[in-house]
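J.: Below, each chain spelled out in residue letters.
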Amino acid sequence: MDESRTHIISALILHKPGVLQRVAGLFTRRGFNIENITVGTSEQEHLARMTIIAKGDEKVLEQITKQLNKLIEVIKVRDLNPEITVKLELCLIKVHTANEKVRSEIIQYANIFSGRIIDVSPDTLTIAITGSPEKIESLIDLVRIFGIKEIARTGPTAISRGTKTM
Amino acid sequence: MKGGEAIIKSLTDQGVEVVFGYPGGVLLPLYDVLYDSDLKHILVRHEQCAAHAADGFARASGKVGVCIGTSGPGATNLITGIATAYMDSSPILAIAGQVATHLIGNDAFQEVDTIGITMPITKHNFQAMKAEEIPGMIKAGFYIAGTGRTGPVVLDLPKDVQEEEFDYDQAPDIDLPGYKPTKKGHPLQVKKAANLILNSKMPVILAGGGIILSNASDELLKFSKLVEAPVTTTLMGKGSFSEDDKFSLGMLGMHGRTVSNYIVDECDCLIAIGCRFSDRTTGLISEFARNAKIIHIDIDPAEIGKNVDIDVPIVGDAKNVLNNLIKIVSNKNNGNKSRNAWLNHVVKFKNNCEPNLLYSDSIPLKPQQVIKELYNAISDDTIITTDVGQNQMWMARYFSTRNPRKFISSGGLGTMGFGFPAAIGAKIAMPDNDVVAVCGDGGFLMVCQDLATIKEYDIPLVICVFDNRRLGMVSQWQRLFYNKRISYTQLGQSPDFVKLSESFGVNAERVEKPGEMELAVRNAIKSGQPYLIDVIIDADEVLPIVPPGCGLTEIVGEYKVEQKTPGEILYKKNKKEIGGA
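One line per chain: the protein sequences are A and B, in this order.
For the record, in the first sequence the residue sitting at position 92 is 92 according to my numbering, with numbers rising by one throughout.
For the record, in the second sequence the residue sitting at position 171 is 1171 according to my numbering, with numbers rising by one throughout.
Derived from the structure by calculation, the hints contain no laboratory data.
Since no wrong hints were added, every one of them can be taken at face value.
Here are the computed lysine to aspartate or glutamate pairs in the EDC-like style, where the Cα-Cα straight-line distance is at most 16 Å:
{"no.": "1", "chain 1": "B", "residue 1": "K1306", "chain 2": "A", "residue 2": "D57"}
{"no.": "2", "chain 1": "A", "residue 1": "K59", "chain 2": "B", "residue 2": "D1309"}
{"no.": "3", "chain 1": "B", "residue 1": "K1139", "chain 2": "B", "residue 2": "D1013"}
{"no.": "4", "chain 1": "A", "residue 1": "K59", "chain 2": "B", "residue 2": "D1311"}
{"no.": "5", "chain 1": "B", "residue 1": "K1002", "chain 2": "B", "residue 2": "E1132"}
{"no.": "6", "chain 1": "A", "residue 1": "K66", "chain 2": "B", "residue 2": "D1300"}
{"no.": "7", "chain 1": "B", "residue 1": "K1306", "chain 2": "A", "residue 2": "E58"}
{"no.": "8", "chain 1": "A", "residue 1": "K16", "chain 2": "B", "residue 2": "D1175"}
{"no.": "9", "chain 1": "B", "residue 1": "K1180", "chain 2": "A", "residue 2": "E73"}
{"no.": "10", "chain 1": "B", "residue 1": "K1306", "chain 2": "A", "residue 2": "E62"}
{"no.": "11", "chain 1": "A", "residue 1": "K70", "chain 2": "B", "residue 2": "D1300"}
Cβ pair distances, simulated, as ranges:
{"no.": "12", "chain 1": "B", "residue 1": "K1222", "chain 2": "A", "residue 2": "T163", "range": "46 to 52 Å"}
{"no.": "13", "chain 1": "A", "residue 1": "G40", "chain 2": "B", "residue 2": "D1311", "range": "38 to 44 Å"}
{"no.": "14", "chain 1": "B", "residue 1": "G1025", "chain 2": "A", "residue 2": "T85", "range": "51 to 57 Å"}
{"no.": "15", "chain 1": "B", "residue 1": "L1188", "chain 2": "A", "residue 2": "T28", "range": "34 to 40 Å"}
{"no.": "16", "chain 1": "B", "residue 1": "T1182", "chain 2": "A", "residue 2": "T130", "range": "36 to 42 Å"}
{"no.": "17", "chain 1": "B", "residue 1": "M1129", "chain 2": "A", "residue 2": "A128", "range": "35 to 41 Å"}
{"no.": "18", "chain 1": "B", "residue 1": "D1311", "chain 2": "A", "residue 2": "E35", "range": "29 to 35 Å"}
{"no.": "19", "chain 1": "A", "residue 1": "T28", "chain 2": "B", "residue 2": "P1431", "range": "42 to 48 Å"}
Backbone N, C-alpha and C fix where the C-beta goes; we use that ideal spot for every residue, glycine too.
Okay, chain B solo, but in the shape it has when bound (with noise of 0.2 Å):
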């Protein structure tokens, strides 16, 4: 068998059925073989898209995503990609072409040190010197991203091990003696964990993305319910536990939800699971759930106390120490001591910081309005996809996600562009799901070439682009911490969205009014088609925001039901605040 073959056979072994790719020079021997393959191959139109679609793929499905770019600027143009799924623990694979391996080394044509750069935005890489050797890696690559804490894994591709013959059946397997996972937390801190929980009164469970991750979601309200803990998440959480339950805080951080900020910095015990303690999710860091003792449950040990001192450290998988604790805090009984008052006082703060959503005549629209109107036009198994910016926190503040991996978003890179080609990934993992890509004009332009991909393809998913011709979010800063000095924020008037997507083919329409949002995603969705709605949204209309430099209950700028106009944030600086990012 040839090298190319053993990869296509390798991939399919791991149960791969579709990969997003960028065929190249060095490529040539794999795309022959792809060529009657029945491994489905997606053709993007930038590397970068087919990173994000294979994390996208992961996101949403749970399974390892592939991608495959060539060697030079193909393999550069993925990093972007890989440093996302790296930051948020995804799981991809992805093959770079290399130049042959009598040329590495020699500055030959398209040749980068794919290994060398990529080193420190992969859990791991190979590179196949010899054919003999791709399939171990292949397995080995699939068990390290998929595995632990996920991420993603490269594979450095020479274009003659591509076209060497080697026995396929007598390829070695790696080993790997290094790489062992904690899953089961340790008896003795889950129980003290649970002790701990059980003796405190005014406990809180932040849940991260490792809950989504490990698929624990079930466990996690089971818990919460036996606990009598209400849950606030990270970014990354979202969607692990609904946030139209009763006791749902919604996000926490920077541009968190109120309540949240509020209750973790009352609570008495923090439980937190599969997270690890952003700046954006702590604010100033000394300030953080300065009352509480801290439980950090986390399958990577190197998470816990890197940012936050912790009083209970378990290192596992999240589904598996919630099974554990679920056991011990059940067979305990508490002496029932009730958290009525504390669950009472919880709800009360939360009706009353409730966020502002009712713009209903606002034109130009405010986005609460339009996210109001696109949670109605949606089903809760919609997933939804969400650039980075203002389209992405607004997403995250106002809009309710009922599901896990149904809300998919760069957290740790932040990545501009993302929100487009990892719907393309997710529609494709999930083809019975509707999918929403929610961008900024901003973003979305970062990546609009692969409208053509969607449209080649008939990818049915629907794109709203939040529409303010601003680079909003670095705008607000300016706004707010640099003398609203708005430099080089603004995006001007080109291009038009509608007839830039018309003239790939795909259907698009403009919205504008109160009421129109709604209408427009049911029929776009109906409609089977791929479909982009330019929205056009309140340039001026700014998020909440704990300043930098800032504890988190400092969070300038929530308005409460009662206001029906925000007005002017009122925001003092202060001494603390230095600026930075």
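Next comes chain A alone, as it looks inside the complex (with noise of 0.2 Å):
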């Protein structure tokens, strides 16, 4: 049997309402095991880029690209190489900042990965992180005993490296 993984799926769809709609219905019905999508706007402007993160193994995976294809609204699919794909996240974390040491504390970790903090108010701060899903969780983890008030996070979207495109 074919090894199970995380797959990064890549699909370009009409912009129209509805599309997300028929694609999480797909998904429900079929009974895939998805983790996260996000859509948002490409370099087309009557395209919307969708990455969808789905764990299975190579079977599953090529039940869900073709499933995809045959959605009338789906332009194309491609399943990523990770090897040579970028997959990126924006996290916005809401930390409760007890006194001025903590405060300190946490600009640092923030600065440690990258992170930007674009809110303060008396007794929060709002870091805003981008990353691998990864690094977000370590973040995360670090700042977790001061107390954490939210998390957004958009879920990961992600390209390939280099001049090739799907």
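Make one complex out of these two single chains by using the hints.
T.: Next comes the structure, spelled out in structure tokens:
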């Protein structure tokens, strides 16, 4: 049997209402195990790019790709090779700052992870960080002891390296 | 032009001559246009029947069938028919009314999210928010429904859009950049398949509904003779290859013929064309065709490798790929390796387990006898539709279909109530062919109100109700797998089908003795009027079956010619069998 691993699927879809519903419905109906979906505009005005993170063996992946391709509003689907793919996520973390010491400690951590402080209030700091999901996890783990009030993550989006496009 | 007029004009431009429908509040503008239109509208008595009739129309003719229902309950009543068409890849366009655009989302009267509901059961669906979108959507709808792997398309049509004025000639076409069905098989794969077939010793062809959808029966016949392979079919493939042919093995699967199930188990090369390896066809997947290399030809790439692992996949249209295969195989001399031994073995095996049709004195009637008499009474151009359940499987098993599009049945969804309305559609599509609907008493009662339709429009079709006052198939499973606890599958003595039919003005008679069926069917067809035959059959007759969770060769209850009476089915529970459906 093939090994089960995490796949990054990039899909170009028509930028129209209802397409996300079609894709989401397809995944539920076929019982595909999807970890994350992000959608946003692409280089072409009428197309949106969807990045899907899914776990499964080759057979499952093949079905996901084929079933996606069957949707009339899906233009192109690719399983991105993880070795030549940049995968980034944006995460916003609102942390409780009990005192001045904690505040400077959090700022230092944020700096180490190339995060930015995007909002300050008397007893919270909000960090914005981009990076791989693993990097974001590490920062979250570090600041957890101070008391995380809220986290908002976009989920990863991805693009292949080099001149080649999908 | 108004939106409503544009619908009719667009349909007519697509060559539509007849639609099946049921009006309602939001469809008033459309029906107002229909009033003066040349487009023929058949008023059914339930929207489900409109969808099934459009489906039957499509299956009998190969053209896209059209049905119409109003918003809300009209649309939800269409759903069963749309899902049926979806599972069997039948091309229909279902037009559903919708509340006016400014009311959408307000939970308005008779509002339902038709687009959301039909998303998982259509090939595609459209909602027209402006009248100018209508011509493009109908054109695209027909194109999507009728090409590639065919299937149902829904058009959701708000009331105000039907009344909106627009310039028909300025209406934009719909661009479909994401829809490019593959027709031609990849030449290298086709070559690979040809080599595999030529080098095999015991090839078998499994023909599915794709052969019928792509009108490839002639090619299939030619190909099978060329490569000397016997042909088995799925339920949907029934009719793609004449079952009176010496090398036809009949249907494969749970209720398949023993010879099919064994020969597929034995073969070393399975050439599957236009089928999707459903659980009802394969039995226990790990046991399926375990000695064979499998070639799978299908127009839908997602079907390849979905259920069964494939050695040589070919994505393409059955007719196209078969023609290419024929070309390659004809040019290659395979050293004259004759397959006589294999074919002799197959024919001998087939003759040894020919199903028993000799029940000429049984009363109550055995379905086998009824089917034999039905077969004798009709021509090979008669279109048969069936309902779902025992009646369907008896027909699939004991009735020999000789031509494509002459056996119409709900396969994937298994929709009770399909047979009768599908026959209406088939008769409208093919007025010169005789049409016989074989129904069970359970399924027929679900749609019997449409007797009014065939009476009002004088649609001369013959309905045979296989009447055992049971939900036979479920009851059979209860007997075999649930300790004979017959839970809610006995239907009692109501109604009297003859009187029911006569109350609609449809002639009817009851058949109870051997010999009567053949005569009744002949007379019914000759009458040129709608006709119902209530056939009282033996409620205890059961079908041979591959128990769930078993391989195809574990079929039980097949009787040989020399056994005159079936007797009790010998069924031993085994560990793999865990019930299920």
